[in-house]
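Between the sequences and the hints, there should be enough to build the whole structure, so can you do that?
Below, each chain spelled out in residue letters.
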Amino acid sequence: MSAGEYIHDPFSKMVIRSQIGIALVLLLMLPAANFFYPTNYNLKAGIHGVTAILAIILGTYLTHRAIPLIKGVQVKLESLRRWLLVATVLNLAGAISGNWIYMRYRGQDGPRDWILAHVPGFHNVLMEFKEFVSLFPFPLMLSATAMLYFYGLPVQHRRDITRFVGITILVSWSFLMLGFVVGLILAKLRFV
Amino acid sequence: MQKPPQPQSFFTGPVVAASLSLLLAFLTLLITHHISRLSPGLDKLIHSYGYWIPGSTGKGPDGSIGSYSGKETLAITVWLGSWLIFHVLWRKQELSLQIWTRIFIISLVAITLGFFHPLSDPIVLFIAGFFGLP
Numbered sequence: 001m002s003a004g005e006y007i008h009d010p011f012s013k014m015v016i017r018s019q020i021g022i023a024l025v026l027l028l029m030l031p032a033a034n035f036f037y038p039t040n041y042n043l044k045a046g047i048h049g050v051t052a053i054l055a056i057i058l059g060t061y062l063t064h065r066a067i068p069l070i071k072g073v074q075v076k077l078e079s080l081r082r083w084l085l086v087a088t089v090l091n092l093a094g095a096i097s098g099n100w101i102y103m104r105y106r107g108q109d110g111p112r113d114w115i116l117a118h119v120p121g122f123h124n125v126l127m128e129f130k131e132f133v134s135l136f137p138f139p140l141m142l143s144a145t146a147m148l149y150f151y152g153l154p155v156q157h158r159r160d161i162t163r164f165v166g167i168t169i170l171v172s173w174s175f176l177m178l179g180f181v182v183g184l185i186l187a188k189l190r191f192v
Numbered sequence: 193m194q195k196p197p198q199p200q201s202f203f204t205g206p207v208v209a210a211s212l213s214l215l216l217a218f219l220t221l222l223i224t225h226h227i228s229r230l231s232p233g234l235d236k237l238i239h240s241y242g243y244w245i246p247g248s249t250g251k252g253p254d255g256s257i258g259s260y261s262g263k264e265t266l267a268i269t270v271w272l273g274s275w276l277i278f279h280v281l282w283r284k285q286e287l288s289l290q291i292w293t294r295i296f297i298i299s300l301v302a303i304t305l306g307f308f309h310p311l312s313d314p315i316v317l318f319i320a321g322f323f324g325l326p
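The listed protein sequences derive, respectively, from chains U and X. Numbering of the first sequence is given in the working numbering, commencing with residue 1 and proceeding in unit increments. Numbering of the second sequence is given in the working numbering, commencing with residue 193 and proceeding in unit increments.
Take these hints with a grain of salt, some might be off.
Lysine-lysine pairs mimicking DSSO-like chemistry, simulated, CA-CA at most 30 Å apart [as the list claims (entries may be wrong)]:
#, chain 1, residue 1, chain 2, residue 2
1, U, LYS71, U, LYS13
2, X, LYS251, X, LYS236
3, X, LYS284, U, LYS76
4, U, LYS188, X, LYS251
5, U, LYS76, U, LYS13
6, X, LYS251, U, LYS71
Just a few of them, taken from the derived set where beta-carbon distance is under 10 Å, the chain X residues facing chain U [said to hold, decoys possible]:
#, residue
7, SER231
8, LYS251
9, GLY252
10, GLY258
11, LEU266
12, THR269
13, TRP275
14, LEU300
15, PHE318
16, ALA320
Read the hints as simulated data drawn from the structure, not as lab findings. We put the beta carbon where it would ideally sit given N, CA and C, even for glycine.
Given below as structure tokens:
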């Protein structure tokens, strides 16, 4: 039996799928808890948290789909571009909801005021960085998606183009992670 | 009679158009952000482009996104505008993606570092001083 086939046996598939399912539910609980926090802004915070973590989960999955694309291996482009489209929508939702919660962040006696009074570096360096790099993943994902739909499925044979699309997905994920981690740090420091 | 499928020809121009327009949009965010920090007047100027966005103005506990709205508006305009122009110009152009990938990644890293204030502020102040800005 070759090592390549082993992973496809039904038991392994079940284990992997269960792990993904459990991780998805537990990770979603992390931001979904925001809906029940004692603040007037729990709806905004919850929506931003849920869209952000969904974008992270899908973005991470897409990095695995991007690697064969970069290596020039034949991939299922039709399913890939559909997932990319979903990722684009999720990243747009993350950016819009981010704008929404950012209003309260800057509001009177909001997190910004508190952070500036206690640990200004977290706002002056981290937040000033995060608010902009968090805008990067959506247009990057949109550009990758647009390329795959523009060229159509025969683009599979143009390795240089598919490679660039793969790199764009990886780059988008990097900014997504940067924004997500800094966002979590700030939300932990002072919630809305 | 049906023709046998022909091998399609692709041009790489649209890839460069899509990604270069992204760099220009991110650069717009960077430039407008640093300009808005130089003086309240410049901040108001940048802010005015974003008044159309709900929640761009206002005070109190609910807050507003302030001049961030103007930076976003200008970046979206540059992004979509330049994408359209470059796409039309280069849709039948074959450009080397190997070289472009390097330029793209290096520029993206440089722009990203530009948002890291401890690194970028001295450079911004030097350039602003050169133009006699506050």
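Cross-check of the supplied hints:
1. Between LYS71/U and LYS13/U, the direct Cα distance comes to roughly 25 Å. Compliance with the 30 Å bound is thereby established for this hinted pair.
2. Taking the CA atoms of LYS251/X and LYS236/X, the gap is about 15 Å. The hint holds against a cut of 30 Å.
3. Pair hint LYS284/X plus LYS76/U holds up; C-alpha atoms about 27 Å apart against a cutoff of 30 Å.
4. Of the pairs offered as hints, the one joining LYS188/U and LYS251/X holds, with about 24 Å between alpha carbons and a cut-off of 30 Å not exceeded.
5. At roughly 19 Å between alpha-carbon atoms, LYS76/U and LYS13/U fall within 30 Å of each other, so this suggested pair holds.
6. Between LYS251/X and LYS71/U the alpha-carbon distance is near 52 Å, which puts this suggested pair outside the 30 Å criterion.
7. Checking SER231/X against chain U by beta carbon gives a least distance of about 17 Å; that is not within 10 Å, so the hint is violated.
8. Hint status for LYS251/X relative to chain U: holds, with the closest Cβ pair at about 7 Å, below 10 Å.
9. About 5 Å separates the beta-carbon of GLY252/X from the nearest beta-carbon of chain U, less than 10 Å, and the hint is met.
10. Hint status for GLY258/X: holds, given a least beta-carbon distance of 6 Å to chain U, under 10 Å.
11. The interface hint given for LEU266/X is broken, as the beta carbon of that residue sits about 12 Å from the closest beta carbon of chain U, more than 10 Å.
12. Among the interface hints, the one on THR269/X is violated; its C-beta lies about 13 Å from the nearest C-beta in chain U, farther than the 10 Å criterion.
13. The beta carbon of TRP275/X comes within 8 Å of a beta carbon in chain U, closer than 10 Å, and the hint placing it at the interface holds.
14. Of the supplied interface hints, the one on LEU300/X holds, with its beta-carbon coming within about 7 Å of a beta-carbon of chain U, less than 10 Å.
15. At a threshold of 10 Å, the smallest CB-CB gap from PHE318/X to chain U is about 19 Å, leaving the interface hint violated.
16. Because the closest C-beta pair between ALA320/X and chain U is about 17 Å apart, greater than 10 Å, the hint is violated.
Figure legend: structure checked against the earlier numbered hints; hints not met, in rising order: 6, 7, 11, 12, 15, 16.
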